[in-house]
Amino acid sequence: MVERSPVVGLLALQGDFDAHRKALAERGVESVEVRVPSDLDGVAGLVLPGGESTTILKLMEGTGLDSRLVDLVRAGLPVLATCAGVILLAREVRHPAQRSLAVLDILVERNGYGRQIDSAVVDLEVADPAGLGSATLEGVFIRAPRVTEVGEGVRVLAKRGGDPVLLQQEKVLAATFHPELTDGSPVVDLFVRILSALG
Amino acid sequence: MDFKSPEFRVKVGLAEMLKGGVIMDVTNASQAKVAEDAGAAAVMALERVPADIRAEGGVARMAAIDKIAEIMQTVSIPVMAKCRIGHPAEALVLQALGVDFIDESEVLTPADEENHVWKLDFKVPFVCGCRNLGEALRRIGEGAAMMRTKGEAGSGNIVEAVRHLRAVRGEIRRLGTLDPAELVPAAKELQAPLELVEYVAREGKLPVPNFAAGGVATPADAALCMMLGAESVFVGSGIFKSEDPSRRAKAIVHAVTHWQDPVALLEASRGLEGAMRGLDMAKLTPEEMLSRRGW
Numbered sequence: 001m002v003e004r005s006p007v008v009g010l011l012a013l014q015g016d017f018d019a020h021r022k023a024l025a026e027r028g029v030e031s032v033e034v035r036v037p038s039d040l041d042g043v044a045g046l047v048l049p050g051g052e053s054t055t056i057l058k059l060m061e062g063t064g065l066d067s068r069l070v071d072l073v074r075a076g077l078p079v080l081a082t083c084a085g086v087i088l089l090a091r092e093v094r095h096p097a098q099r100s101l102a103v104l105d106i107l108v109e110r111n112g113y114g115r116q117i118d119s120a121v122v123d124l125e126v127a128d129p130a131g132l133g134s135a136t137l138e139g140v141f142i143r144a145p146r147v148t149e150v151g152e153g154v155r156v157l158a159k160r161g162g163d164p165v166l167l168q169q170e171k172v173l174a175a176t177f178h179p180e181l182t183d184g185s186p187v188v189d190l191f192v193r194i195l196s197a198l199g
Numbered sequence: 001m002d003f004k005s006p007e008f009r010v011k012v013g014l015a016e017m018l019k020g021g022v023i024m025d026v027t028n029a030s031q032a033k034v035a036e037d038a039g040a041a042a043v044m045a046l047e048r049v050p051a052d053i054r055a056e057g058g059v060a061r062m063a064a065i066d067k068i069a070e071i072m073q074t075v076s077i078p079v080m081a082k083c084r085i086g087h088p089a090e091a092l093v094l095q096a097l098g099v100d101f102i103d104e105s106e107v108l109t110p111a112d113e114e115n116h117v118w119k120l121d122f123k124v125p126f127v128c129g130c131r132n133l134g135e136a137l138r139r140i141g142e143g144a145a146m147m148r149t150k151g152e153a154g155s156g157n158i159v160e161a162v163r164h165l166r167a168v169r170g171e172i173r174r175l176g177t178l179d180p181a182e183l184v185p186a187a188k189e190l191q192a193p194l195e196l197v198e199y200v201a202r203e204g205k206l207p208v209p210n211f212a213a214g215g216v217a218t219p220a221d222a223a224l225c226m227m228l229g230a231e232s233v234f235v236g237s238g239i240f241k242s243e244d245p246s247r248r249a250k251a252i253v254h255a256v257t258h259w260q261d262p263v264a265l266l267e268a269s270r271g272l273e274g275a276m277r278g279l280d281m282a283k284l285t286p287e288e289m290l291s292r293r294g295w
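Chains as they are written, first to last, in our numbering: chain V, 1 to 199; chain W, 1 to 295.
Any given hint could turn out to be false.
Pairs of lysine to aspartate or glutamate residues, derived as EDC-like cross-links and limited to a Cα-Cα distance of at most 16 Å, are as follows [unchecked claim]:
| no. | chain 1 | residue 1 | chain 2 | residue 2 |
| --- | --- | --- | --- | --- |
| 1 | W | Lys123 | W | Asp112 |
| 2 | W | Lys67 | W | Glu47 |
| 3 | V | Lys159 | V | Glu149 |
| 4 | W | Lys205 | V | Asp71 |
| 5 | W | Lys123 | W | Asp2 |
| 6 | W | Lys123 | V | Asp118 |
| 7 | V | Lys159 | V | Glu138 |
| 8 | V | Lys171 | V | Asp71 |
| 9 | W | Lys4 | V | Glu149 |
| 10 | V | Lys159 | V | Asp123 |
| 11 | V | Lys22 | W | Asp37 |
| 12 | W | Lys123 | W | Glu142 |
| 13 | W | Lys4 | V | Glu138 |
| 14 | W | Lys188 | W | Glu203 |
| 15 | V | Lys58 | W | Asp37 |
| 16 | V | Lys171 | V | Asp189 |
| 17 | V | Lys171 | V | Asp123 |
| 18 | W | Lys33 | W | Glu70 |
Hint data in this document are derived by calculation from the structure and do not stem from the laboratory.
The shape of chain V in the complex, shown without the other chains (with noise of 0.2 Å):
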């Protein structure tokens, strides 16, 4: 729990926002729904959630958004981008290629698991306990991304076979599955410190 509630900004275009909303509110964080910049002015942190990361990105062509949300990264304040959301800030996007908003360092293969009938709930290996603060950790992975490359500035907090899948480039908190859709999970409350500590 937070002292006092920042308010982030859920990047509200399409996807399953409504989830990420439910689970900040549940940890007393306070959240706006994103679909114009100025939804932007005055947020604390910034979610950019599931969903199809291609309709997304048509949806913020020509509206400035993208910039926008560039700008923010860059100037450090705190992300949690899932699935779709990790897609939108790679460095590169694969299979196919696809534009992306290029500030995570790390290549991601899109659908890398397979489709629909591939999706599944598994438990994952937490590389960095203390960084995650929890030794469990369950993956809800729905058409999920890949990671196939991972920058030197950015850490990885968890892996599923060998893959990373929670990974951590200063404040940005990137996981390829859902922690939205599993109850109380760890990487939203971590995400809930990286907001706290901005004090």
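Here the structure of chain V is known, so what remains is to put chain W in place on it, guided by the hints.
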């Protein structure tokens, strides 16, 4: 029903990811590309759009497998496909092909006039149509991971979608006013499983996302569905039976994203060519109403 099982959670999980988006009917790969480029969150593969099924008649079946496979190769967004009501063999074929969602749909000619597919046995998630809460809960009891109100497919007339959205929402509200003992006769009246009736009474919503479908022809129609509580919108004939599919598709996507913003809705509504020609419900016989299929 075990809503916490991993199988059910990943099925409903994909439905969650499609919220706030538009799912578009397509009959071939080039239409699928137009839909993806316009910002569709998913496409629905079928052999003919509902307006053509209505006009041409005959038995409407699952789409040709090669067409669905071509659509799956062409777009990176989820691909759904329709099977006939009560035709688990078509559903098994679609699951083996690897489609992301199956729509057990009243738009196709029913294969079984009493039973729907037992969807809990499948790994792939299903969406089904409903006209009211009882029908929705019966489908969820069979394993559907997403509901869509039926509306009247291929009509270009939003009136039935509005009727069904209001019916579901009104019945959900009514359950919230009942005490536990009263939920038993309510379940009997709704012809729905008691445990699902209890869930709805407690949570004030369906256990799965509820989208709208049937008769959406304009951006304002799509926004109206969102105003009535739909979490996403399916558009069938409304796009590819209009005079400007690409532009209209983009406009409807924009309207669903910004449905709470009248100025954005105005922008989405500007400069569109002719919408599909609509049908007057009073001119349809009960046999011609696709929404009456399914039980």
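Going through the hints against the structure:
Between W:Lys123 and W:Asp112 the alpha-carbon distance is near 22 Å, which puts this suggested pair outside the 16 Å criterion. Under the criterion of a C-alpha separation no larger than 16 Å, the hint pairing W:Lys67 with W:Glu47 is consistent with the structure, at around 8 Å. With a CA separation close to 13 Å, the supplied pair V:Lys159 and V:Glu149 stays within the 16 Å bound. For the hint linking W:Lys205 to V:Asp71, the alpha-carbon distance of about 38 Å lies beyond 16 Å, and the restraint is violated.
The hinted pair formed by W:Lys123 and W:Asp2 meets the criterion: a straight-line CA distance of about 15 Å does not exceed 16 Å. Distance check on the hinted pair: W:Lys123 and V:Asp118 sit about 9 Å apart at the alpha-carbon level, within 16 Å; holds. Using a Cα cut-off of 16 Å, the hinted pair V:Lys159 and V:Glu138 holds, with the two alpha carbons roughly 11 Å apart. Annotation: proposed proximity of V:Lys171 to V:Asp71 holds, straight-line Cα distance about 14 Å (limit 16 Å).
Restraint check for W:Lys4 and V:Glu149: not satisfied, since their Cα atoms lie roughly 33 Å apart, outside the 16 Å limit. About 10 Å separates the Cα atoms of V:Lys159 and V:Asp123, which keeps this hinted pair within 16 Å; it holds. Simply put, V:Lys22 and W:Asp37 have alpha-carbon atoms about 31 Å apart, too far for the 16 Å limit, and the pair is violated. Taking the CA atoms of W:Lys123 and W:Glu142, the gap is near 13 Å; set against the 16 Å cutoff, the hint holds.
With a C-alpha separation of about 13 Å, the suggested pairing of W:Lys4 with V:Glu138 holds against the 16 Å cut-off. Using a Cα cut-off of 16 Å, the hinted pair W:Lys188 and W:Glu203 is violated, with the two alpha carbons roughly 20 Å apart. Distance hint between V:Lys58 and W:Asp37 is fulfilled; the C-alpha atoms sit about 8 Å from each other, no more than 16 Å. Between the alpha carbons of V:Lys171 and V:Asp189 the distance comes to roughly 14 Å, so the proposed pair stays at or under 16 Å and holds.
The suggested pairing of V:Lys171 with V:Asp123 is violated, with an alpha-carbon distance near 25 Å, which exceeds 16 Å. Of the supplied pair hints, the one linking W:Lys33 and W:Glu70 holds, its CA atoms being roughly 11 Å apart against a limit of 16 Å.
Hint check: violations occur at hints 1, 4, 9, 11, 14 and 17; the rest are consistent with the structure.
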